[in-house]
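Given next are the chains, with one letter for each unit.
There are 2 protein chains.
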Amino acid sequence: MAERITPRSEDYAQWYIDVVLQARLADYAPVKGCMIIRPNGYALWENIQRTLDGMFKETGHVNAYFPLFIPESYLKKEEEHIEGFKPELAVVTHGGGKKLEEPLVVRPTSETIIWAMFKKWIQSYRDLPLLINQWANVVRWEMRTRLFIRTLEFLWQEGHTAHATYEEAEEEALTILELYKGFAEEWMAMPVITGRKTERERFAGAVTTYTIEAMMQDRRALQAGTSHNLGQNFAKAFDVTFQNERGELEYVWATSWGVSTRLIGGIVMTHSDDKGLVLPPKLAPTQVVFVPIFKGDDEKGRVLEATEALRKDLGKGRARVRCHVDDREEHTPGWKFNEWELVGVPVRVEIGPRDLAQGQVVLARRDTGEKTTVPQEGAAKAVRKMIRDVQSGLLKKARAFQKEHTHTLDEFEKLKEINEAHAGFFNVHWCGAEGCEDRLQEETKATIRAIPLDGKQENGRCILCGGDSKQRVVVGKAY
Amino acid sequence: MAERITPRSEDYAQWYIDVVLQARLADYAPVKGCMIIRPNGYALWENIQRTLDGMFKETGHVNAYFPLFIPESYLKKEEEHIEGFKPELAVVTHGGGKKLEEPLVVRPTSETIIWAMFKKWIQSYRDLPLLINQWANVVRWEMRTRLFIRTLEFLWQEGHTAHATYEEAEEEALTILELYKGFAEEWMAMPVITGRKTERERFAGAVTTYTIEAMMQDRRALQAGTSHNLGQNFAKAFDVTFQNERGELEYVWATSWGVSTRLIGGIVMTHSDDKGLVLPPKLAPTQVVFVPIFKGDDEKGRVLEATEALRKDLGKGRARVRCHVDDREEHTPGWKFNEWELVGVPVRVEIGPRDLAQGQVVLARRDTGEKTTVPQEGAAKAVRKMIRDVQSGLLKKARAFQKEHTHTLDEFEKLKEINEAHAGFFNVHWCGAEGCEDRLQEETKATIRAIPLDGKQENGRCILCGGDSKQRVVVGKAY
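Protein sequences, first through last, are from chains W and F. Take the first sequence: its letter number 157 is residue 157 in our numbering, and every next letter is one higher. Take the second sequence: its letter number 307 is residue 307 in our numbering, and every next letter is one higher.
Hints in this document: simulated from the structure, not taken from any laboratory. Just so you know, not all the hints are guaranteed correct.
For chains that are exact copies, the list does not tell them apart, and a pair is met inside one copy or across any two.
[Claimed, not checked] Below, computed lysine-lysine pairings styled on DSS-like, alpha-carbon distance capped at 25 Å:
| hint | residue 1 | residue 2 |
| --- | --- | --- |
| 1 | 98 | 76 |
| 2 | 76 | 99 |
| 3 | 385 | 336 |
| 4 | 120 | 336 |
| 5 | 336 | 57 |
| 6 | 456 | 477 |
With these hints in hand, go ahead and build the complete structure from the sequences.
See the structure below:
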């Protein structure tokens, strides 16, 4: 709390670490690249989890749990899959004091173990679709890590579904993409663009990878969630067939999709400022903090009584507001203001004897810093409105920021110039050749983030080679 | 579904496996000793988790997440701890394609990593108590495994708390023990005895281990949860001190406590029968299944309408009943009755045209098999009552069973005889010597399950050596 947060303008990467550590979202673990998710961070994750879990269940998915350990041989069954994940594996070679006959891989993702089980569970079209989700930890041996954004171990959900047709799998992959987009925008207040990944960027083992991409405050892209149409790749690797309605055997069609604790990093980097964390109220563990201000027992009694009355009002009904009363006497109100701004509580309510004498309370918005005095009578309504205003204000601001830093360009030199100066999203024509994609990255350190789904058809010339292009793609430097 | 469940009387162990597999609670994983928790099993775990999580939060605990990997050297810092867990460790020796400098242990429990972090977070008495819980997977390399009861990887919660005094830690350990007992009895309908473990049986690194022990239908004991007073053992191992109110440095006092997916095995073995699973309604993912019975579209319309009306009634209000309507037309009602009995749904509602003509519906209880006809008008109330009756009926039955098979004995020969014939709980005098404890196990395969907390003081003679004893202990064969 007493420590200083590095301003964004000075060192953006350090600012991020300062906010995460000082708001006590996470801490470094003894094992390099791992993190501890501290109670403030985990409460945020619980809200993310609860909301997404409800959305998955509403769309017919059920949860299950598959093992952490996967026999090494399973991972090798799908060729592209093992190629993609091989450099990132953690391997258990000893168990119970003995060397294992076959090494076990700590899951980097669960397609292989799940499709080995789907083979047992799927026989007929009546067993389809099979719509399963898992909340779990996974491990990918990353070299350059950053709290929440890229860690050796992370928490996530991974959906794995099996279908009777390609079309059904495609529909599932897109349904989930829309669900992710809806969650990012309505709950996280983080606008995203949706699109398809290029062949080079798609998931190892997928036919098509869809993505949601957000723009952070340093104008770099964050891949916030992906949804894959896996075609029949895993069904073929694990020989999973089903009898269709005509009695013929067919390979099963598949999807998988996931979001992770990386979303917390996305929230931090979309909304926070030099004072600390700014949280979207819908996901904030505490939505309103009360700072009662008093001297002496007489004032204390009256102030705490008024505080409690308002807190009770806000705790009522279905739209229960998550409140906290900070009535500690060892800290000054000013100290508390800083502390609760640091941890990102969206709305602060100040109640002091002078306010009460005038029949009013003071509300302060974390996002804009704006202070408002409202009548004590009906204050609950004003607080609820402020909570909604913060939520919509954050989305609006983030949308404007994204729009401001999205450029439609046709000259490669111009792209290089802006990209170097301050990054951004660039809508450019690309011919589809991997050579041009590689050159783009070499010369700008930016990549094709997405081929937009709603991108309108437009004839143009590849920004690199001048070859034919039918649609613009989104380019940017990514986390 | 078509497979036969081995009757309990024929082979109890096989009956258990049959129920778990056929009710689709779990399946065997490719790695020996691991399991897949299937959607039916996981939904049960989610209900257990949600309930316990609420109880932890009400008692002031917050959730966090600590890493899966623990440096081997950390585990070695507490001597008894590493002694206890060494034979059960899974070890990661390679990461990212390279041999690691220091092997990483896959957590068998998280005391060591958590106390390494507590050292960073605790400075003053103002930082205490620190009341943290974690929901996670852990790995213990077990040789003789059984689905849910003992698996190589399992899901659990582990509470870890830090306190300023021994008394506070002791109070915490006992508070959690009571919380576990309350959950087992009120939610799982599984009566337990509470007590202290003997020195030989306590957790590696604990000063005192408290336990809840339940009796399964084969009269063997299931250790269903444990709560440990860790004294200052981990604080000393990790050098965690705090400045007390007088400004002096002291070592911190600790507890840890946990329950796991083993509880699902406890539910199965406490209540189920030769037809399959029997679930306590408070935890059952589906509490009421509707089987509408009809022939032809006319009957179908009327029957489904009545079904929907009752389902809607049951879905109202805060005491929302979890319902499922099985209106599949490819199966007969009889097939459905068997299927839903197999998966343990507590109450079945049958609605057919003849019932409707008479203005009634049929309710069937899973636990007793009893069928009741109730007027359609007000049927929701009757269903709700039946749900409550099943819950209380299961607890009552299990209590009676436990009582019936608990014996107060003073002759070792008698204990051996009953124990061999059909096991049970035996209240016997024990002098406290480890030699007698060892001999007991050698000669009977039973162990001292608990030294009861509420056991009345009573002078007696050790059932093994005849030495002085002040209190009876509970002996039984355990899972």
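(message) Checking an output row: residue 385 and residue 336, CA cutoff 25 Å. Within, between, both or neither?
(response) within (23 Å within a copy, 50 Å between copies)
(message) My question is about residue 120 and residue 336: at a cut-off of 25 Å on alpha-carbon distance, are they close within one copy, between copies, both, or neither?
(response) between (58 Å within a copy, 23 Å between copies)
(message) Cα distance capped at 25 Å. Does residue 336 pair with residue 57 within a copy, between copies, both, or neither?
(response) For residue 336 and residue 57, the Cα distance is within 25 Å only across copies (24 Å; inside one copy 40 Å).
(request) Classify it for me, residue 456 with residue 477: is the Cα-Cα distance of at most 25 Å met within a copy, between copies, both or neither? (result) within (23 Å within a copy, 72 Å between copies)
(message) Treating 25 Å as the Cα threshold, decide for residue 98 and residue 76: within, between, both or neither.
(response) both (24 Å within a copy, 18 Å between copies)
(message) Regarding residue 76 and residue 99, is the shortest C-alpha distance of 25 Å or less found within a copy, between copies, in both, or in neither?
(response) both (21 Å within a copy, 20 Å between copies)
Comparing the model with each earlier hint shows no violations; every hint is respected.
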